[in-house]
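Novice: Now for the letters of each chain:
There are 2 protein chains.
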Amino acid sequence: MPNSPAPTAPIPGFHLYDTTLRDGSQQEGLTLSVADKLAVARHLDELGVTFIEGGWPGAVPRDTEFFARAAGELELRHARLAAFGATRKAGVPVAEDPQVAALVDSGAPTITLVAKSDLRHVTGALRTTAEENLAMVRDTVAHLVARGHEVFVDAEHFFDGFLHDADYTTAVLVAAHEAGAGVLVLCDTNGGMLPHQVTEIIATLRGRLEAAGAGDARLGAHTHNDTGCAVANALAAVRAGITHVQGCVNGYGERTGNADLITLMANLQLKMSMDLLPAETLAEATRIAHALGEIVNMPVTPRAPYVGASAFAHKAGLHASAIRVDPDLYQHTDPQLVGNDMRMIISDMAGRASIELKGRELGFDLAGEPELLSRLAAAVKQREAVGYSYEAADASFELLLLDQLGRVPSYSTVESWRAISQLGRDGTLESEATVKLLADGDGPHERKVAIAEGNGPVNALDLALRAALRERHPEVDEFELRDFKVRILDAHHGTDATTRVLVRTSGRGLEFQTVGVGPNVIEASWEAIYDAYTYGLFKSGV
Amino acid sequence: MPNSPAPTAPIPGFHLYDTTLRDGSQQEGLTLSVADKLAVARHLDELGVTFIEGGWPGAVPRDTEFFARAAGELELRHARLAAFGATRKAGVPVAEDPQVAALVDSGAPTITLVAKSDLRHVTGALRTTAEENLAMVRDTVAHLVARGHEVFVDAEHFFDGFLHDADYTTAVLVAAHEAGAGVLVLCDTNGGMLPHQVTEIIATLRGRLEAAGAGDARLGAHTHNDTGCAVANALAAVRAGITHVQGCVNGYGERTGNADLITLMANLQLKMSMDLLPAETLAEATRIAHALGEIVNMPVTPRAPYVGASAFAHKAGLHASAIRVDPDLYQHTDPQLVGNDMRMIISDMAGRASIELKGRELGFDLAGEPELLSRLAAAVKQREAVGYSYEAADASFELLLLDQLGRVPSYSTVESWRAISQLGRDGTLESEATVKLLADGDGPHERKVAIAEGNGPVNALDLALRAALRERHPEVDEFELRDFKVRILDAHHGTDATTRVLVRTSGRGLEFQTVGVGPNVIEASWEAIYDAYTYGLFKSGV
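Keeping their order, the protein sequence lines are chains A and B. Here the UniProt record's numbering is used: the first residue of the first sequence is 1, the next is one more, and so on. Here the UniProt record's numbering is used: the first residue of the second sequence is 1, the next is one more, and so on.
No lab work stands behind these hints: they were computed from the structure. Because the structure is a prediction, the values reported are computed rather than measured. Errors might be hidden in some of the hints.
Note that identical chains are pooled: a pair holds if it fits in a single copy or bridges any two copies.
[Unchecked claim] 16 angstroms max Cα-Cα, derived EDC-like pairs, lysine to aspartate or glutamate:
(1) K436 - D426
(2) K485 - E294
(3) K89 - E200
(4) K485 - D165
(5) K436 - E280
(6) K436 - E384
(7) K381 - D326
(8) K485 - D275
(9) K448 - D275
(10) K271 - D328
(11) K485 - E28
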């Protein structure tokens, strides 16, 4: 055996172990470039996690490159990098296994080894013997520990295995512990457990480990959401004494996903009073969750606990006045602790109280202006009656408010527009739009006539409107329409129905939604897009 | 007091209480027409829930209409309809409270009353006294019970209230029980509980209820997902002895949503061996979850437990062959039990087996036609890859099948079409469409050129198409387009995205959905409408 390098010292205290870059990227439709992975790792470090599992070097070329680049490019302040890998191959000496060598070569201080702990998988999937699997665990852990690595063992299919053959599953854990593993991670790989089972199984396991002289082993948990209980199962494990939880930001992962690490850490910190993170770190949670959503191109679901856009949103109406008096009666925690905000949803039940609150949220103090509030409430009611919805379209609501205040500038006066879609005799589809307007702004109005082709009538209208505005307001090109939602209201009139269109726009440091309503999708889209440019130009200081 | 009508008999056994139509519709962006609500209720009944909470008659005009129409149009086989309402106003005799009268007028056999059970809300939000609130609960429950209703009481903010002042919260429950409430529903209204708290609080409450002589009270739970534990909290409550759970299909609801009722029922039935539903009902869960997603225009998230498109999906690779040998090693339950399928990602989503099943549903026995099945699977796969979805569009799927069988007649050959929408200088909106086609059928083709105005481009196209077909096939006028849904796929391209349109048509004794996909909403709508006339004419024997 070569000289032993200095061993990696264990990190004291509770472990928040993030596996977004490994297990999270198993999610359908999620792929990460090396640059993406580095960016995600930086965010995770800011979030204050203890470990960042970067991938499987040697098995996945992109992950090998990630660890190579991380060594030079990634400066972690809180987190330690972990590489994921497997125990040695059956029948192959550990020193000759290239997969194991690649783990050492990755330079990661911590190596997390997946080990089969369900006998059925040992014989059915690995196609080896119970004894050889134990040897694979022992050999690989010892080999890596001897090279100075901190080694964790993910006991794959632990819970199912324990229910099937607790003796064998316990033997695998004991073997890993005796060989020097720092954490034995109990994995609910198929995700079928319920919290009370987790509680009972860990209690039984404890007794068995003690009986085997491994009572001092540190335990962890890795849970999936197949019963909708990923977070609760991890919490049950923590209450049963484990001190290491694995999860992914935004709950990314195969099938139904892994335990959502942010929900988990917020619960542990805010609800179970564990002192895991500096307070200012948790307050970055919402920003970081959304930043990761952008990087992986899977936006955070509005319903996500703690960090979702709807997580602290209230449909106003009845409770608005009570919320104004004491918001804590209506929220389970202070949203600012996780960097989120209470938000009033403006809906047709909105009275003056909720509009006042909404105004405050947007930076307008309307408390002293009862008449303006009444006018606004009436305007909202009247517009929602014909199909507008300000629930999601904050920008359109703000334009309405600014309009009542006489503070929206005019960037143009529309004269006319036309959108044509056609299927030609040769089978080609064409869409084309014309926009005629007077461009406002400094200096005299200027009549602009613009035409554009698009891949549909709305796209063509958008492009023609930009073209007509561009000369006077070149900033329009800095905005991008990012999302476009159509809802047919009162659908029982068939194609006769009223249409509502929501458009999400980003650019010049802003991201906002506008709404348009009309008897047809083209007119509704036009209104939402036109409002988007007005709002974007105004709010970005043009 | 008037004569007491016969009381509504309690439903024995465990209650699955769905509140999609009431609390679920509090979700941001979710609005349901009365027709939508009736359609949702029919699906919920098929799913086998015990109660369907339809809304708040008297407070929400749409809900009043729902109950009025439900009496004549809704035939429920399993479920009982419940109306939601509040206890009487403070200081107003119950018999003079119009809100309470509207509950009686709704005709719903079961009334679920929300009652404040947190003293801070009684004084801070209701602005009444502790004593008056108790009287409000007693009076309203007794009033409704005397009129033959089964009455449940939602104890709002129960858990927070219990932690604040257990005496008062218990007193509210005891008052409701003594007045005749059939179930006392413990609500985690703000959603901040964790499972172990639910367990402990219910145990403590039990003792207090027994001490107050209300030990025989039946308890329920209503949980929200603000800590990511809605399902786990409900399960903890069930293990603590409650026998009534409330939730929403797909976890719809305010903020982070309600407990997902399907996840909950699948856990109870499959993991906790409770005998809640006939097996064949649970096997409809996936279909029903997705059908509801279509109705409310909020598709089921692929990561949803049990019913999501990814819930039993595996990234192929290492485990592929092992999965083929023994799938049960890699899945926590048999996906067919909930009507879902194991799916290897990167393999065809619609396998031959499901197409065979679908064909059988439509009356075609394809079991003996492996080659046709393969062709159909390939066609479905290819079309779904570009955005088609046959989940809701049975008619389009049947047309595809008939097309493979060479059995769809041609009613016309389209030459070209054009749709124009414009805003004129005088502010008038106009939409106009031209359709040119060869009308097929008996006798020689005949070229038809038709023009129509509509209130939008799609409406104009629909009318022009009818006009062009009318002479040869006058039956087209017997069809009505009843619903029209637009979804933008791949939304990150803004107005550049692909559009999917679903059209529901009725007429000549049929009601069916067709789907169209295209780079723009006009093209996609054209396809769906054109298919609708083809299908409608063919199936009604023209």
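Novice: Up to 16 angstroms between alpha-carbons, please classify K436 paired with E280: within, between, both or neither.
Specialist: Result: close neither inside a copy nor across copies, 49 angstroms intra and 60 angstroms inter.
Novice: For K89 vs E200, is the C-alpha pair at or below 16 angstroms within one copy, between two copies, both, or neither?
Specialist: Neither: 33 angstroms inside a chain and 48 angstroms across chains, both beyond 16 angstroms.
Novice: I want to check one pair: K436 and D426. Are their C-alpha atoms no more than 16 angstroms apart within a copy, between two copies, both, or neither?
Specialist: Result: close only across copies, 13 angstroms inter versus 30 angstroms intra.
Novice: For K485 and E294, with the copy left unspecified, which applies at a CA distance of at most 16 angstroms: within, between, both, or neither?
Specialist: Both: 9 angstroms inside a copy, 14 angstroms across copies.
Novice: If the cutoff is 16 angstroms on CA atoms, where do K485 and D275 land: within, between, both or neither? Let me know, please.
Specialist: Classified as neither; 38 angstroms inside a copy, 42 angstroms across copies.
Novice: I want to check one pair: K381 and D326. Are their C-alpha atoms no more than 16 angstroms apart within a copy, between two copies, both, or neither?
Specialist: Classified as neither; 26 angstroms inside a copy, 54 angstroms across copies.
Novice: If the cut is 16 angstroms between Cα atoms, do K271 and D328 qualify within a copy, between copies, both or neither?
Specialist: within (15 angstroms within a copy, 37 angstroms between copies)
Novice: Taking 16 angstroms as the upper bound on the Cα-Cα distance, should K448 and D275 be classified as within, between, both, or neither?
Specialist: neither (62 angstroms within a copy, 70 angstroms between copies)
Novice: Between copies, within a copy, both or neither: which fits K485 and D165 at Cα up to 16 angstroms?
Specialist: neither (49 angstroms within a copy, 46 angstroms between copies)
Novice: Under a CA distance limit of 16 angstroms, which applies to K436 and E384: within one copy, between copies, both, or neither?
Specialist: Classified as neither: same-chain Cα gap 29 angstroms, cross-chain 39 angstroms, threshold 16 angstroms.
Novice: Classify it for me, K485 with E28: is the Cα-Cα distance of at most 16 angstroms met within a copy, between copies, both or neither?
Specialist: Intra 19 angstroms, inter 14 angstroms, cutoff 16 angstroms: inter-copy only.
The earlier numbered hints that this structure contradicts are 3, 4, 5, 6, 7, 8, 9.
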